[in-house]
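Trainee: Quick note on numbering that gives the first Met the number 0: the sequence shown kicks off at 0 and runs consecutively.
The hints are simulated quantities; they were obtained by calculation from the structure and are not laboratory data.
C-beta: ideal position from N, C-alpha, C; glycine also.
Check before you lean on any hint, since a few could be wrong.
What the hints assert, rightly or not - Simulated restraints, written as ranges between beta carbons of each label pair: (1) ARG72 to SER136: 21 to 29 Å; (2) GLY137 to ASP82: 37 to 45 Å; (3) PRO141 to PRO77: 33 to 41 Å; (4) SER151 to ASP83: 19 to 27 Å; (5) ASP51 to SER78: 37 to 45 Å; (6) ARG50 to ASP83: 19 to 27 Å; (7) MET86 to ASP112: 12 to 20 Å; (8) THR89 to GLY131: 21 to 29 Å.
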Amino acid sequence: MRRLPFIISFALAGAALTSGCTVVENAADPGAIPSLDEARFRCGVEPILARDCSYAACHGAAGTPLRVYTVGRLRAGPSATIDDRLMPMTDAEHHANYQSAVAFAFGGVSPDDNFLLRKALPAEDGGFEHKGGAIFSGLDDPRAVALHTWLSGGDPCSGGTP
0 MRRLPFIISF ALAGAALTSG CTVVENAADP GAIPSLDEAR FRCGVEPILA
50 RDCSYAACHG AAGTPLRVYT VGRLRAGPSA TIDDRLMPMT DAEHHANYQS
100 AVAFAFGGVS PDDNFLLRKA LPAEDGGFEH KGGAIFSGLD DPRAVALHTW
150 LSGGDPCSGG TP
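Take the sequences, apply the hints, and build the full model.
Mentor: Shown next as C-alpha cells:
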C-alpha cells in the first residue's frame with residue numbers, strides 16, 4: 000500500500016510532463032532573418048574578411064567562430080608549395096567563408112547586435128574586445144557599413160566595393 004501513492008505520483012508527473020510537449024521540427028523559419036545572399040557576400044563582404052580577418056593565427060584554426068580561407072593564406076586543401084597557396088579560391092572555399100559568416104545571423108540576431116559586426120568595432124561604438132584591436136574605425140567605416148548592409152539583407156555592392 001505504501002507504494003501506491005508513489006506509483007500514482009509518478010504516473011501523474013509523467014502525464015504532466017508529456018502533455019505539454021510539442022513537436023519541434025528543424026525546418027527554418029524563412030521570416031526569422033533576412034535572406035543573406037551568397038553572391039552579395041562574395042562581392043561585398045568576403046573581400047573585407049579576406050583583407051582584414053584572414054590571419055591563420057586568428058581565424059585559421061579549426062573550431063574558431065570565424066574561419067576565413069584566402070589566397071596566399073589558409074586554404075581548404077593541401078598547400079605543399081607557394082604556388083598551391085596562390086591558386087584561385089575554389090567554390091568550396093568561398094562557400095565555407097559564406098557559411099562561417101552567415102552562422103553569426105543564426106537565431107535572428109539583429110544586424111545592429113550581430114557579433115560579426117560588433118566584434119570588429121571600437122568599444123566607444125559598441126564593439127567588443129577583439130584581440131587584434133578594433134578592425135573598423137566606427138559604425139560609419141565603409142567596411143562596417145557594407146557588413147551591416149549585407150546582414151540586413153541588402154546589397155553591399157550596390158554602391159561599390161569598400
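Trainee: Each hint: holds or not?
Mentor: Structure-based check of all given hints:
A C-beta distance of roughly 24 Å is found between ARG72 and SER136, which places it inside the suggested range of 21 to 29 Å. A C-beta distance of roughly 40 Å is found between GLY137 and ASP82, which places it inside the suggested range of 37 to 45 Å. Between PRO141 and PRO77 the beta carbons are some 36 Å apart, a value that agrees with the proposed interval 33 to 41 Å. For the hinted restraint 19 to 27 Å between SER151 and ASP83, the CB-CB distance of approximately 37 Å leaves it violated.
A beta carbon spacing of about 21 Å between ASP51 and SER78 contradicts the range 37 to 45 Å that was offered as a hint. At about 21 Å, the beta-carbon gap between ARG50 and ASP83 stays in the expected band of 19 to 27 Å. Roughly 37 Å separates the CB atoms of MET86 and ASP112, a value that falls outside the hinted 12 to 20 Å. Against the hinted window of 21 to 29 Å, the Cβ-Cβ separation of THR89 and GLY131 comes to about 27 Å, which satisfies the hint.
Hints 4, 5, 7 from the earlier list are contradicted by this structure; the remaining hints agree with it.
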